[in-house]
Amino acid sequence: MAKDIYMGEVSRNEEIRKDFFLMKVTLPSGFVEPMPGQFVMIRIAGLNDPFLSRPISIYSFSRGRSNCSMELLFRVVGKGTRILAGLIKGSLVEISGPLGEGHFAIPKAGNIVFIAGGIGIAPLSLFAENLCRKVCRSSDAMTFYLGAQSADGLIGLNRVHKYCGNIIVCTDDGSAGMKALVTKAFQKDLKKYDPMDTAIYACGPRPMIRALSGMLDAEYFCQVSLEERMACGVGACVGCAVAMKDDLGQKTYKRVCSDGPVFELKDIVWE
Amino acid sequence: MAKDIYMGEVSRNEEIRKDFFLMKVTLPSGFVEPMPGQFVMIRIAGLNDPFLSRPISIYSFSRGRSNCSMELLFRVVGKGTRILAGLIKGSLVEISGPLGEGHFAIPKAGNIVFIAGGIGIAPLSLFAENLCRKVCRSSDAMTFYLGAQSADGLIGLNRVHKYCGNIIVCTDDGSAGMKALVTKAFQKDLKKYDPMDTAIYACGPRPMIRALSGMLDAEYFCQVSLEERMACGVGACVGCAVAMKDDLGQKTYKRVCSDGPVFELKDIVWE
Amino acid sequence: MKVEIAGLKLKNPVMTASGTFGYGEEYSDYVDLNRLGGIVVKGLSLKPRPGNPPPRIMETSGGMLNAVGLQNVGVDVFIDEKLPFLRRYDVVVIANIYGESYKEYAQVAGKLSRAKGVHALEINVSCPNVKKGGLSFGSDPRAAAEVTRCVKAETHLPVIVKLTPNVTDIASIALSVENAGADAVSLINTITGMSIDLRARTPHLKNITGGLSGPAIKPVALRMVWQVAQKVSIPVIGIGGIMTAEDALEFMIAGAKAVQIGTASFINPCALVEIIDGIRHYLDENKIKNIKDIVGTLQT
Amino acid sequence: MKVEIAGLKLKNPVMTASGTFGYGEEYSDYVDLNRLGGIVVKGLSLKPRPGNPPPRIMETSGGMLNAVGLQNVGVDVFIDEKLPFLRRYDVVVIANIYGESYKEYAQVAGKLSRAKGVHALEINVSCPNVKKGGLSFGSDPRAAAEVTRCVKAETHLPVIVKLTPNVTDIASIALSVENAGADAVSLINTITGMSIDLRARTPHLKNITGGLSGPAIKPVALRMVWQVAQKVSIPVIGIGGIMTAEDALEFMIAGAKAVQIGTASFINPCALVEIIDGIRHYLDENKIKNIKDIVGTLQT
Ligand SMILES: Cc1cc2nc3c(=O)[nH]c(=O)nc-3n(C[C@H](O)[C@H](O)[C@H](O)COP(=O)(O)OP(=O)(O)OC[C@H]3O[C@@H](n4cnc5c(N)ncnc54)[C@H](O)[C@@H]3O)c2cc1C
Ligand SMILES: Cc1cc2nc3c(=O)[nH]c(=O)nc-3n(C[C@H](O)[C@H](O)[C@H](O)COP(=O)(O)OP(=O)(O)OC[C@H]3O[C@@H](n4cnc5c(N)ncnc54)[C@H](O)[C@@H]3O)c2cc1C
Ligand SMILES: Cc1cc2nc3c(=O)[nH]c(=O)nc-3n(C[C@H](O)[C@H](O)[C@H](O)COP(=O)(O)O)c2cc1C
Ligand SMILES: Cc1cc2nc3c(=O)[nH]c(=O)nc-3n(C[C@H](O)[C@H](O)[C@H](O)COP(=O)(O)O)c2cc1C
Ligand code: FES
Ligand code: FES
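Residue numbers (our numbering), protein chains in the order written: chain W, 856 to 1126; chain Z, 856 to 1126; chain F, 90 to 389; chain V, 90 to 389.
Quick caveat, the hints were computed from the structure, so don't treat them as lab data. A virtual CB, placed ideally from N, CA and C, is assigned to each residue, including glycine. There is no bait here: all hints are sound.
If you only want the chain V side, here are some residues facing chain W, beta carbon under 10 Å, derived:
#: 1; residue: G140
#: 2; residue: P143
#: 3; residue: M332
#: 4; residue: S354
Please work from the sequences and hints to get the whole structure.
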């Protein structure tokens, strides 16, 4: 059997900004190298509270000689993330992954645009890193739009700076960068981006994705990472359904965990 | 309201013998000085798994300037104690107590006999300490019978040595002390103990208590600490029932948590 | 925070659940009884009942099983020995009653109605009625209605009927007792369950089966409260797995005018007061003047 | 470890529970399907069903609610596209079927009986039957029996009837389907529950209510398995909150000849295999030669 559930050990768990944690987990070497956009299901070893595992994107990954390690960037929003935040060095976590058949696709286009809302930066910055380091795309070709409610919510910028030549920062309250929604900032620049030579990748709250879908016509190649509550994470329970168009343009429910989490924006059905 | 649920902090938790742990907990100074035989209900703060709190006897207690501290001696027998065993320094526990209206009564008799099976030593050794240090009873008057399956299960002897002049150790397999059940060892000496001038205190597994009840007639003053699964620990749920004789000799169910956990041996109804 | 249920004026919507708060004394060191919306005392029967042999409780995932077997001092001893303690407090006292026949229910109700300091009756119809083949009064709409009528005939006090969840259609039973004169319904009682000691190959409970309570049953309780609240026009009291103020508020949004807290008190003896304070805090934060304004506001 | 259920020879008593293991493919990277006692596939209906709009799941204390709404590819696509994958394995395949009318049940059963690689049918009678006012076929002994008869008439395969726990007396329904010709019963399906988003004052599930599964319901499932096993003489398959080999063994001691594992696979994708290994280990340690020797050995 190719896949397993892995025992990971927390080697660091730091509150890098109020309510935002960066957790580093050491995993056995059998853990497969993730594709950007893929995620893990994580739970505290041996504990039934919270009951379900939580999906978290892979923020970074590196392979050592006898094991590998992974970083997760997460925001405390409820019980599960609060308990994850409380884990200390040495705590054991059960991890399955990398999960998700739908991940970010390497762009053919010349312009690469990332649009992230808050914690949405997590999968996108891994993708930017990979494009830069593995596919040798020039950082000049990459533009990163990052939005948050306020300066406090802008996390992970350092890493993005390494790989993206252009960074546009927005906050709802103007406490850092432009005072605007990130989608508005992007919309202003939209005419700069030739639909035939631009690939757009977005991750963020549903209203942000929805706004994007209102401003991008189907000519644009745009992939977005979606979120839904999950139980199995592997496509078996059909719990994480999202309404999408099938090949015939008919509405059908796809599974965020296995058909996604990355989908083409134009395929989403807004219910 | 006189009583509260207290937040305790684990300041030490050591496996002193395979499966036996000694946990030290720091408590706010509001915690009332316990009587020997009393216990606490303990649970891990903020966690619902395991669901019910666990009753553990108070093994030692001391009061500092701004707080107090308590030791618990426990054996890992299932899920709850296994999770308690995993707590590290700094972990928070919720504690209510001291609980139990029925506790060990200071003896009038000259001879004081303790009979402990395994972990049953916990409340008895606190009692021995108190008798010695607070009521100034001579250690010569105190005899401690301690039994266990094997040498590995003999814990807490050091402390008992400080307060009891005579110690008789038994193991089922003969790996330490006499090869005998602790009740048999006691029975051999029984004729030495004048019922009018002996107080007997016992704590251990149910078969041990039952064996005692078979060998001691009602003339003897004998108090025993009983165990039952508990939910509330304060007498409200009637879940920890044990069959006892009432004043008229009729069978009635008493609550181990609040009517006990210490009862007079002669009152127990063996169902 | 005041709510009115069948003429009973409660300081707040938070009551104790029967059988989990003894006769009030047990928790009085932890909880200021004057602060409670109401105290529902342990189920009372005509004669004292010894209860079931131990073991009586077992932990389960997110809950517990109990088979206490309605151990209680009997209605007479309650009136003579337990009620005087409760009368010292300014708190609504509700007597939970239980009988093995219609007549017994009526007798217990009659005695309590004549006692000073009992403000309402809650009928527990979840106990197996031997004559009906092991099912309970509460699982048959006609039997439940008949118990209600018998009790109503004996009392001037408001009568709450406490419903069992172990039925196919709880709303129809609620309707049936409403038609029979119930002034309110409370739900849910425990769900029948079982637990096995693998090593001994015996049930953990001497009684074999027991009643499941605690957060494990909360989703079932919430669903039933919602279903019943939509069918009846008398007040609904929500019970089942409430551990926090948020849980309590969810029951109210689903349609409960008040709630009862059971197993939570075992986990945290101060739970009742924390829940009352938490509801207060929620109302203030959300600028809700009258707690009634949230009852049944679930948007579906 | 071999067990026989209604003529089906299973390698071991551990099967997947319908709706929690997809069509077998989803977990095939984690679990060697050849090791399973049986695979019960996701519920199949005559026509493909889109399922309910999201959100479809919610966590609860010790469990989860789901309102997937029987999303499935339909029986024809299953036969053409999913069954070939399963035929590559040496494993018993059980098709869980669902219909909105007696006739639909019969049609789905007929199609599956003619397909190669289906070894038994499991009838899901827990879905609301509109004609009967929102209650399900499974909550009425007569309707459950009629579904059983309709399916039996269309198939030569063993027929397992999967019972709903949302009833007053599950044993009487089990008896009724046994009399109608069922070869085995499996229980329990999920318990109907609900969960509320306090901030939004809406249900967490778009469908309002959902089915509760996981360890929270284990005590209820165990009780029902025990009650049913005492009443019927056909084999009983135990389902509900089984997370470990110990849990599975408890169900067998209560009277189940085999078990199904649902929600546990979500928590640990390797749960099925760990449970099979754990049962093996238990039998070895306790020197039990034949697993049949523990079935129904509960001492009460
Ligand atoms: C593929 C995927 C990748 C993700 N990656 C990250 C990440 O890298 N960092 C991060 O911080 N978060 C990420 N999330 C979101 C994360 O899973 C949720 O924040 C988390 O599950 C909430 O759990 P909780 O118990 O703290 O909150 P809960 O108490 O369960 O809920 C609190 C709030 O969060 C919402 N929520 C709950 N579960 C989810 C979910 N699965 N998706 C979206 N919203 C949810 C609830 O609706 C509610 O509003 C990801 C989600 C998915 C599906
Ligand atoms: C008043 C009192 C004082 C106690 N003092 C101590 C102490 O100082 N040190 C110590 O190690 N233990 C003590 N115990 C026993 C302790 O409470 C149990 O060992 C513990 O609750 C078991 O929890 P578990 O989850 O580990 O085991 P479980 O998985 O719940 O059960 C494992 C085994 O322990 C038995 N058991 C469970 N609960 C109890 C219980 N309340 N009493 C007796 N047996 C039980 C079960 O029947 C089973 O055989 C005391 C019990 C009582 C009632
Ligand atoms: C130990 C115990 C004893 C109970 N005794 C009674 C009783 O005497 N009468 C009654 O109507 N309900 C009784 N109940 C049921 C509770 O009142 C309540 O309906 C149930 O426990 C669900 O609520 P909870 O989950 O908040 O505990 C009892 C419950 C428990 C746990
Ligand atoms: C997401 C999900 C989907 C389910 N779908 C079906 C189904 O299609 N048909 C069916 O008979 N039961 C279905 N069930 C019920 C399970 O097969 C099982 O009876 C129930 O979950 C209890 O077992 P568990 O606690 O081990 O999960 C489903 C359960 C879940 C959690
Ligand atoms: S979480 Fe189970 S199918 Fe996606
Ligand atoms: S544990 Fe509740 S009465 Fe003793």
